[in-house]
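Participant: Just so you know, the protein sequences line up as chains C, P, R and U, in that order.
Remember, my numbering sits 5 above the position in the first sequence when you count from 1.
Remember, my numbering sits 5 above the position in the second sequence when you count from 1.
Remember, my numbering sits 5 above the position in the third sequence when you count from 1.
Remember, my numbering sits 5 above the position in the fourth sequence when you count from 1.
Simulated from the structure, these hints should not be mistaken for lab results.
The reader is advised that the hints may include incorrect statements.
Identical copies carry no separate label here, and so any pair may be met within one copy or between two of them.
[Unchecked claim] Simulated pairs of lysine-lysine, DSSO-like, Cα-Cα distance not exceeding 27 Å:
no.	residue 1	residue 2
1	106	124
2	127	106
3	144	256
4	144	106
5	40	144
Since we're looking at a predicted model, the values are computed, not measured.
Protein chains: 4
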Amino acid sequence: MRRSYSTEETHLSTTRVTVWNEFRHEMNPDEEPAKIYPHGMHAVLAEFLGRNADMSVRTATLDEPEHGLTEDVLAQTDVLTWWGHLAHAEVSDEIVDRVQKRVLEGMGLVVLHSGHYSKIFKRMMGTTCDLRWREINEKERLFVIDPAHPITEGVPPWFELVHEEMYGERFDIPQPDELVFIGWFQGGDVFRSGCCWHRGRGKIFYFQPGHETYPIYYDPTIQRVITNGVRWAAPRDTTVVSFGNAPALEKI
Amino acid sequence: MRRSYSTEETHLSTTRVTVWNEFRHEMNPDEEPAKIYPHGMHAVLAEFLGRNADMSVRTATLDEPEHGLTEDVLAQTDVLTWWGHLAHAEVSDEIVDRVQKRVLEGMGLVVLHSGHYSKIFKRMMGTTCDLRWREINEKERLFVIDPAHPITEGVPPWFELVHEEMYGERFDIPQPDELVFIGWFQGGDVFRSGCCWHRGRGKIFYFQPGHETYPIYYDPTIQRVITNGVRWAAPRDTTVVSFGNAPALEKI
Amino acid sequence: MRRSYSTEETHLSTTRVTVWNEFRHEMNPDEEPAKIYPHGMHAVLAEFLGRNADMSVRTATLDEPEHGLTEDVLAQTDVLTWWGHLAHAEVSDEIVDRVQKRVLEGMGLVVLHSGHYSKIFKRMMGTTCDLRWREINEKERLFVIDPAHPITEGVPPWFELVHEEMYGERFDIPQPDELVFIGWFQGGDVFRSGCCWHRGRGKIFYFQPGHETYPIYYDPTIQRVITNGVRWAAPRDTTVVSFGNAPALEKI
Amino acid sequence: MRRSYSTEETHLSTTRVTVWNEFRHEMNPDEEPAKIYPHGMHAVLAEFLGRNADMSVRTATLDEPEHGLTEDVLAQTDVLTWWGHLAHAEVSDEIVDRVQKRVLEGMGLVVLHSGHYSKIFKRMMGTTCDLRWREINEKERLFVIDPAHPITEGVPPWFELVHEEMYGERFDIPQPDELVFIGWFQGGDVFRSGCCWHRGRGKIFYFQPGHETYPIYYDPTIQRVITNGVRWAAPRDTTVVSFGNAPALEKI
Numbered sequence: 006m007r008r009s010y011s012t013e014e015t016h017l018s019t020t021r022v023t024v025w026n027e028f029r030h031e032m033n034p035d036e037e038p039a040k041i042y043p044h045g046m047h048a049v050l051a052e053f054l055g056r057n058a059d060m061s062v063r064t065a066t067l068d069e070p071e072h073g074l075t076e077d078v079l080a081q082t083d084v085l086t087w088w089g090h091l092a093h094a095e096v097s098d099e100i101v102d103r104v105q106k107r108v109l110e111g112m113g114l115v116v117l118h119s120g121h122y123s124k125i126f127k128r129m130m131g132t133t134c135d136l137r138w139r140e141i142n143e144k145e146r147l148f149v150i151d152p153a154h155p156i157t158e159g160v161p162p163w164f165e166l167v168h169e170e171m172y173g174e175r176f177d178i179p180q181p182d183e184l185v186f187i188g189w190f191q192g193g194d195v196f197r198s199g200c201c202w203h204r205g206r207g208k209i210f211y212f213q214p215g216h217e218t219y220p221i222y223y224d225p226t227i228q229r230v231i232t233n234g235v236r237w238a239a240p241r242d243t244t245v246v247s248f249g250n251a252p253a254l255e256k257i
Numbered sequence: 006m007r008r009s010y011s012t013e014e015t016h017l018s019t020t021r022v023t024v025w026n027e028f029r030h031e032m033n034p035d036e037e038p039a040k041i042y043p044h045g046m047h048a049v050l051a052e053f054l055g056r057n058a059d060m061s062v063r064t065a066t067l068d069e070p071e072h073g074l075t076e077d078v079l080a081q082t083d084v085l086t087w088w089g090h091l092a093h094a095e096v097s098d099e100i101v102d103r104v105q106k107r108v109l110e111g112m113g114l115v116v117l118h119s120g121h122y123s124k125i126f127k128r129m130m131g132t133t134c135d136l137r138w139r140e141i142n143e144k145e146r147l148f149v150i151d152p153a154h155p156i157t158e159g160v161p162p163w164f165e166l167v168h169e170e171m172y173g174e175r176f177d178i179p180q181p182d183e184l185v186f187i188g189w190f191q192g193g194d195v196f197r198s199g200c201c202w203h204r205g206r207g208k209i210f211y212f213q214p215g216h217e218t219y220p221i222y223y224d225p226t227i228q229r230v231i232t233n234g235v236r237w238a239a240p241r242d243t244t245v246v247s248f249g250n251a252p253a254l255e256k257i
Numbered sequence: 006m007r008r009s010y011s012t013e014e015t016h017l018s019t020t021r022v023t024v025w026n027e028f029r030h031e032m033n034p035d036e037e038p039a040k041i042y043p044h045g046m047h048a049v050l051a052e053f054l055g056r057n058a059d060m061s062v063r064t065a066t067l068d069e070p071e072h073g074l075t076e077d078v079l080a081q082t083d084v085l086t087w088w089g090h091l092a093h094a095e096v097s098d099e100i101v102d103r104v105q106k107r108v109l110e111g112m113g114l115v116v117l118h119s120g121h122y123s124k125i126f127k128r129m130m131g132t133t134c135d136l137r138w139r140e141i142n143e144k145e146r147l148f149v150i151d152p153a154h155p156i157t158e159g160v161p162p163w164f165e166l167v168h169e170e171m172y173g174e175r176f177d178i179p180q181p182d183e184l185v186f187i188g189w190f191q192g193g194d195v196f197r198s199g200c201c202w203h204r205g206r207g208k209i210f211y212f213q214p215g216h217e218t219y220p221i222y223y224d225p226t227i228q229r230v231i232t233n234g235v236r237w238a239a240p241r242d243t244t245v246v247s248f249g250n251a252p253a254l255e256k257i
Numbered sequence: 006m007r008r009s010y011s012t013e014e015t016h017l018s019t020t021r022v023t024v025w026n027e028f029r030h031e032m033n034p035d036e037e038p039a040k041i042y043p044h045g046m047h048a049v050l051a052e053f054l055g056r057n058a059d060m061s062v063r064t065a066t067l068d069e070p071e072h073g074l075t076e077d078v079l080a081q082t083d084v085l086t087w088w089g090h091l092a093h094a095e096v097s098d099e100i101v102d103r104v105q106k107r108v109l110e111g112m113g114l115v116v117l118h119s120g121h122y123s124k125i126f127k128r129m130m131g132t133t134c135d136l137r138w139r140e141i142n143e144k145e146r147l148f149v150i151d152p153a154h155p156i157t158e159g160v161p162p163w164f165e166l167v168h169e170e171m172y173g174e175r176f177d178i179p180q181p182d183e184l185v186f187i188g189w190f191q192g193g194d195v196f197r198s199g200c201c202w203h204r205g206r207g208k209i210f211y212f213q214p215g216h217e218t219y220p221i222y223y224d225p226t227i228q229r230v231i232t233n234g235v236r237w238a239a240p241r242d243t244t245v246v247s248f249g250n251a252p253a254l255e256k257i
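Looking at chain C on its own, in the form it has when it is part of the complex (with noise of 0.2 Å):
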């Protein structure tokens, strides 16, 4: 979406969503990635994004082509979201440098779950993104920390989720330029669940929730952040820069 505003009016045209997605858990279909999204991750995270009037959604996956992101996909999208975990070694690191190029050219970038560890974000954090887990069916309760954040519209000061997979710190990453959310676990960890960054003219935002087993992206609260979080991460008409050799600006 680029938000573009004259002085006589203002209109919002559509953001260009590509949901991508590594789809390789959801491939067995005795397993419970299977039959919670029995046509993978991505078809449930298009349908809800698709459902907003400012958004047009694609999809992409690993085992496509180019991972479904040649240059012509990347030049039309305006926000990418991320997941996946069972194969961030066979991401190519061409496509990697490709999306990183176009992340700081201003494209959004939304990382979910254990995209934590995917090459793009390590990319793009310049630290390990490592983290502590386990699996023992836990709960979650996620915290507003930064009530003016447009991340937090139409969300409550803090919401649960039955079970989730447990993230905790400490968690490698840079300081976030906006801490929007922080996650409590029932077996005794906290989390900085939702996080944001500036790299570039991009925008990043981590958020945790989301683990294969069980159907987190089917609630209400979580649909409703990665909404708010790909919407904050659309481009705008923000200035576009320059580099390299440059004339005085002034005599000396």
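Once you've looked at the hints, dock chains P, R and U against the given chain C.
Facilitator: Coordinates of chains P, R and U only, in the frame set by chain C:
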């Protein structure tokens, strides 16, 4: 403006802006400020903001009862802009308390130029907000530092003011949550000229240009930045938090 | 402590610490605080800080003349620690002005537990500093969020307090410049338990543990964190800036 | 330097510094860099750092085996300084991986001047690290922005370099965790000349001055800032965190 998005439609409602001006410099018809701003600076600010379809604008000045900032006016204000200089001390502490409370509840605050030394800005920052300054008709050039920031919509990588009062570092403010502009001054100084902070549910934008003896607020780029600043600071339907004694959320 | 380094030698001079305590809870000999802290909390804080060869420690309390914070005492204080609860309103505004001025000049400020609601902390923050709380003898576990931070010297990745008053988000503070600890509470809440800010030439560390009915300040890890916080907040021979009218640095 | 404090004594052990230099500009005896730095820039940097009793200094250069940065050398390095320009592409990715890993484990990294475009700096930042530049023998004046920062110890509010290459905004870096200096350039530009970041357990300081055709590293104030930067970036005995699968800390 409370932007609210439903799943079916996206609409922008009106942002209610109150332009506050000390309105003292412009009282002497023989002096420069009155020549540039015969109806006061607030008239010019209100005029260009009011040209936006998404804004409704009123003004308020120091010498009105309660400085024009009654409980009613503030309750109906989404964003307050503030220009003051000669008479900071005449602003009553009770009104400062009232404005601070509203900002923390979500009202946006756009502080202009010498407003850096106003009671309300010092109150929100917790620091002296002092700086170095001089008036020698020197040039200023402002550079965009964060090209992902919505305040830079439609703004070039840098722009110039033929003459501006110098405001120079060290500017005694808390590190901005978002540093949007740095100013270069011909006389040899630099300044963090555009700074954003989140405070409570409110957002604050400080923008340095606007000395009373130059026609700064007629400049189209300056108008664009202030318009963007008002839009950025406008409250949204973000999380409403509560405080105080709280029952346990888990059995212990 | 003014650490100063010459090229030939490195020496650490003494940090002069003033431990300030409201000293009201401990006045009733039949109640828990007096049993835990028979000579007042300040006595315990002063004792463990004073064990450090690089610190000289004095105490000051609310009911002393000028709350024990005369111009002289403050002029000789490098770091001030603050504990208050029942009687925030009894602290005179004049003393708050005085302390704020000293912090902005470079004095460190370590605010403990219910000091979050003191006049001086609210003054420095510009926000309500409000939070959610309860007292049900629940466990707290604090996690290190920034393992590069000097306040974490000698501190494990997490540590527990058997019983602590719950302080929960949303905590109405400016985003910390450095977020050092997040607390997990058994009753289902989280809290930004260790936060750092730079203000003027001074540094501020807020540390949440220390409810008056538990022996928190006898805990060796807590003592370590507070000791580190005092060292981090201690002034150094950093830049002294000046403000006001300034001649041009360049010919124009 | 691993600073460690016991309760009985305070001692500073030695910081082991490795000064890395590309060492190509200085190879042509007829050109300016060789005249200014006949033994290479690293020799001058090592000389003034080595004058500090709390530092032991070695050097390493591009054309040594493994660029002089063997596993052994890095294991014994507390802070690495980096100057490169012509031959960034010749630095092997394997060595960049190795340095990044050490920084995330706690080694300090001080990146100088054209090192902004080195592989290691781009790796740590996640952005292009691009900027605007020109060489016209113009003056630079650097202003202290955070007078509470230890890197400003003994540094005046501003200081000048008679001639420096211009580096100008927009500088494509993540917002610094701590912005310490802003530079003013005679030709009309500004630059965030001194920036700090925390990454993993490590700290990174970028300092812009140091063009190879001017005797910048002989300037006492520049030497002071770099010395302070090394001390700030030096690892301390801060928290060692672990990652991976983690047992529950609470029964669920």
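Participant: Take the hints in turn and mark each one as holding or not.
Facilitator: Verification of the hints:
| no. | hint | in the structure |
| --- | --- | --- |
| 1 | 106 x 124 | both (14 Å within a copy, 16 Å between copies) |
| 2 | 127 x 106 | both (14 Å within a copy, 13 Å between copies) |
| 3 | 144 x 256 | between (65 Å within a copy, 12 Å between copies) |
| 4 | 144 x 106 | neither (38 Å within a copy, 34 Å between copies) |
| 5 | 40 x 144 | within (21 Å within a copy, 38 Å between copies) |
Comparing the model with each numbered hint stated earlier shows that hint 4 is the single one that does not hold.
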